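Kindly produce the complete structure, drawing on both the sequences and the hints.
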Amino acid sequence: MDFLRPASWEEALAAKAEHPTAVPIAGGTDVMVEINFDHRRPEYLLDLNRIELLSEWEVGEENVRLGASVPYTRIMENLRAELPGLALASHTVASPQIRNRGGVGGNLGTASPAGDAHPALLAAGAEVEVESVRGSRFIPIDAFYTGVKRNALEPDELIKTVHIKKADGPQQYSKVGTRNAMVIAVCAFGLALHPETRTVRTGIGSAAPTPIRAKEAEAFLNAALEEGGFWDNGKIITPSIAKQFADLCSGAANPIDDVRGTAKYRRHAVGIMARRQLGWVWEQYRGTGRTLEGAA
Amino acid sequence: MAQNTRTVPAGTPTNVTQNHTKGGIGESTLRPDGTLKVTGEFAYSSDMWHEDMLWGQTLRSTVAHAEIVSIDVSEALAMSGVYAVLTYDDLPAETKNYGLEIQDTPVLAHGRVRHHGEPVALIAADHPETARRAAAKVRIEYKELPLVTDEASALAPDAPLIHEGRDDHHAGHVPHPNIVHRQPIVRGNVEEARKRADVIVEGEYVFGMQDQAFLGPESGLAVPAEDGGVDLYVATQWLHSDLRQIAPVLGLPEEKVRMTLSGVGGAFGGREDLSMQIHACLLALRTGKPVKIVYNRFESFFGHVHRHPAKLHYEHGATKDGKLTHLKARIVLDGGAYASASPAVVGNASSLGAGPYVVDDVEIEAVALYTNNPPCGAMRGFGAVQACFAYEAQMDKLAAKLGMDPVEFRQINAMEQGTLMPTGQVVDSPAPVAELLRRVKARPMPPERQWESAGEGADVRALPGGLSNTTHGEGVVRGVGYAVGIKNVGFSEGFDDYSTARVVLQVINGEPVAMVHTAMAEVGQGGVTVHAQIARTELGVTQVTIHPADTQVGSAGSTSASRQTYMTGGAVKNTCEAVREKVLEIGRRKNGSYHPAWATAELLLEGGKVVTDGGEVLATLADVLEGEDPIDLELEFRHRPTVPFDLVTGQGDGHVQYTFAAHRAVVEVDTELGLVKVVELATAQDVGKALNMLSVVGQIQGGTTQGLGVAVMEEIIVDPKTAKVRNPSFTDYLIPTILDTPTIPVDVLELADPNAPYGLRGLGEAPTLSSTPAVLAAIRNATGLELNKTPVRPEALTGTL
Amino acid sequence: MRVNFTVNGRPQEADDVWEGESLLYVLRERMGLPGSKNACEQGECGSCTVRLDGVPVCSCLVAAGQVEGRDVVTVEGLAEYAKERTEHGSCGTGACGTPLDAAKKWQAKPTQDSQTGEGVELSPIQQAFIDAGAVQCGFCTPGLLIAADELLERQSDPSDQDIREALSGNLCRCTGYEKILDAVRLAAARQGEAV
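Sequences listed follow chains A, B and C, in order.
Just so you know, the first sequence maps onto residues 163 to 458 in my numbering.
Just so you know, the second sequence maps onto residues 300 to 1100 in my numbering.
Just so you know, the third sequence maps onto residues 431 to 625 in my numbering.
Quick caveat, the hints were computed from the structure, so don't treat them as lab data.
Accuracy of the hints is not assured; some may be wrong.
List of simulated lysine-lysine pairs, BS3-like, C-alpha gap at most 27 Å [as the list claims (entries may be wrong)]: (1) K426(A) - K1020(B); (2) K426(A) - K610(B); (3) K311(A) - K610(B); (4) K426(A) - K1023(B); (5) K1088(B) - K610(B); (6) K426(A) - K619(B).
None of these values were measured; they are calculated from a predicted model.
What follows is the structure, given as structure tokens:
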């Protein structure tokens, strides 16, 4: 094994170009587990800790430009207003120690369906800026996940920045685990209201081979909200709309039975989370929502 | 081979001296090892380090049941940095198996593996990574054999025998060779008693496989010695039991295997069996170099036995006025591939299977199976834990069917001093079962909807799901449940259970100092704290030195079965009393002629002085011992004898002492998502006499939490198709975090047992029994569901299994 | 490879480090600092928690090579670290480190006998853990101390829920956590009295 320690982004890209099998390591919260347990012996480890731009973020007009290695703790503390869904998701990541090290780039690089950030990114809308010595490109989050633990990166590319739409409305995020802290998702759900475009977006984690959106549910809810004039009149969403939305989210899931839970439970739980979150975001949208102590 | 120069490895334990003017029994004296533990200087077995040491690695089977067709180690052995690769063929002595009671466990697999993760080969190398790479190069060809995974497949006519040609002492009386041990308990006439019952309830209960999940992984250091022996530094629960199993396999006399207890990172039964002990010694003796083995968490799940999963069928009857008429129960424990503590688990499950209740007509049968599942053995409260889960569920069912309050129903049937156990043994010391229940019930309820207490929205940390933000109160229903349990203390069924303590009293720099030397495994329970307290109380000294535990002193027995304060505490007391007699003898010889009280009065040692029971000071200890050799005594201590249970009727005074605890669980369940938050887990327990209340409460809270864990999250999942463990990691075997653990108010009773030292009652296990059924009862109360299995998974609460 | 970094204020160097080694392994096996514990090596127990440039992290998940040139505080240096903080003001970033004089005096491996540590100067959280009975087997203790000390550095009077959240990455199998909560409350209270 070789340990590559580029001092700059350019050096990192050059190293990745020279050694496309090199495994990038930033927070180490995935890679080191695999090394400690002898599940993986990469030829090269490519340390990204020295590259400062990866740990920086910038709040722009429309987007937050989030460096791939910005620790979850920073997101929780600093970006709660701009990225409420991701901040909530960050708060559910593992433990304080892990949140101090891990970042969204790691979740995206590993592309595990159980990664906590994915549903929030899908719901908010995001683009992943990746780069290689050949140049950079923006991958829409919807096109990023290509299979179980597979993503759209080329072997010589590194994840640089995630461009996430600033919240223009309430966002929520929940995950189900069988412990009240430090738990991997049995399944997770994120929901974002986008009042500017009068649309909603969703994200489902750990309930399909890749993180997914419940597009049919989104379309249904978009239509139902429009039809009922809800965006303008701010009325309480009827239980039948909420139920249908929840059922469609549940139906969008394509989960498996595994050691963490049954497929049936996952589908069920996605529906419950969808229904509850719709209630929460809509309450917030109507201006009567209350903030959540300890929730982000 | 380079001869190792013997040096003392880093991390070798040394004497610890604690000076305390108060600090006799009954005081909440602080731990003598506390400072070392908070500064990081306390050396655990995995911290041991020796110049030039090698790293040992165990290669384990990847299948559960197979013939080993061939093993090729040549490629591994040829690797640079690899010093040895050992298989069964390299074992040096005639003895190649070990085991606590039945020596059925191969040190390294011989032609066949019987469970997933069984050790097959050992490697010693200059770095753990070298050892891992070498392990990957050992070629093993397996031919898989049919699996035995449950009672049906174990007892089928064509079932493969897990151990052929058994000749152990249970082989003769078991109905099938795939049954390790069977114990019936028969008393009265169940068929007749059933006729008196107004209501009968039946239940089938399933208890999942729990892991001890001690945090300090199996580890240790073996250092070869110039005399051909070996010095072994390990974390264990019983040094002498280890020694008895290790020495024959090494082909060494016991005195050439010198064991020292290293720091132990928790045990809970999981260190009763050997893990890396023999392996490290074999590698050290083969290479002539010190060898350290440290399991990682993955390997730890294969490196020790687990709590027996169990299927329990219970039938109870009761009269309209709430009196139990009869009990008929069958308890099937899965012992896995090797016997370990299975016979004793069967003994406890059967003899304690009726719980702390008066019931005259009883038929209980308990068996432990041999299967290809992971071996199961000791874990806190074994046998009694599984049974308590079932009989307490039955109590609630009966109460519900009779329309009675579940606590009152239990109180009506609660045993008390003088009650006959189903084994015919009289409970001859306090058994405050009804009182314990009364106390937990009388406690004020925790406030409702505490997640709203912040005043500004929901604090998700106080809700089911916690930080995962799954509910802000939606779907959340509160439930309350009660349970009580009975556990035996000490080794039962005729076992010659004893402990040894050596106490040295001498004057150092003008101060009397007592040294306590035992082989007791301090695993965190605070035995060393209590030993110092006993020495102070009995010898009137302030300074006590705790000698490291090793095999240079007689056996202390195991740190298990809630027995160590009773047994080694009792041994320390006993030896101190003999030392005191010596002091007084010397005093009489030196000073007897100066004061008549030396001959006539009852004399005590207090505050460093010899005093009369009237308080008159006769001499200082320093004066008495001046010019004398240190008083140095080593004595054994035994509890009252027990007898084996009759193999047909189960009758016999098999237990030493009984211990009781009760719990009230208050839970909040998100009924839609099936997530649980335990809000409070109140407990009451009789400890006879609290030698150190701080430690007592700590034990009770810790034991309670392990019971909570198995109620809602803990289970080793074994694939029934392959008998492989599916979740050997802390990612998928979950134990409670601080956010899963509620406040645990503890109510301690001290009703003395006249048979026990200071009247104390062993206490470590009882809280682990009743907390699980209390939590289950509370969840049933919240949801109205039957819930017959631990742990309660979200699927079971949402109908999505 | 060779790795240089500062541990408890003292420059350290490790040679022949295998590239897959964790910071935890280097501390324990190469620097004679086994105080940080190896309970799970997968970031699920917190027993290996150290401060890396002031931030609590699981040292089992930091590759040794990533620590080059950085600053690490382990349980062995906690008392000194806390003392520095008290004497020289808040040290949330960990940048204050240990002055060179103190660093020179610091011993990587205690040479004294394992006595009860009478006369040993402890940080308030260490003393509180002993006094409250929060230590049983003690294997989780070093990680908990680092995490709890950092909590009290940020928040002098945390609520019970804050304590629970801050310590939710540290498993303990012995105590049931109640006395750990007691210890943190006790340290906070003593800290409050001292101000």
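Verification of the hints:
Between K426(A) and K1020(B) the CA atoms are separated by roughly 21 Å; this keeps the pair inside 27 Å, and the hint holds. Of the pairs offered as hints, the one joining K426(A) and K610(B) holds, with about 26 Å between alpha carbons and a cut-off of 27 Å not exceeded. With a C-alpha separation of about 39 Å, the suggested pairing of K311(A) with K610(B) is violated against the 27 Å cut-off. Among the hinted pairs, K426(A) with K1023(B) is consistent with the structure: their alpha-carbon atoms are about 24 Å apart, no more than 27 Å.
The straight-line distance between the Cα atoms of K1088(B) and K610(B) is roughly 9 Å, inside the 27 Å bound, and the hint therefore holds. Annotation: proposed proximity of K426(A) to K619(B) is violated, straight-line Cα distance about 42 Å (limit 27 Å).
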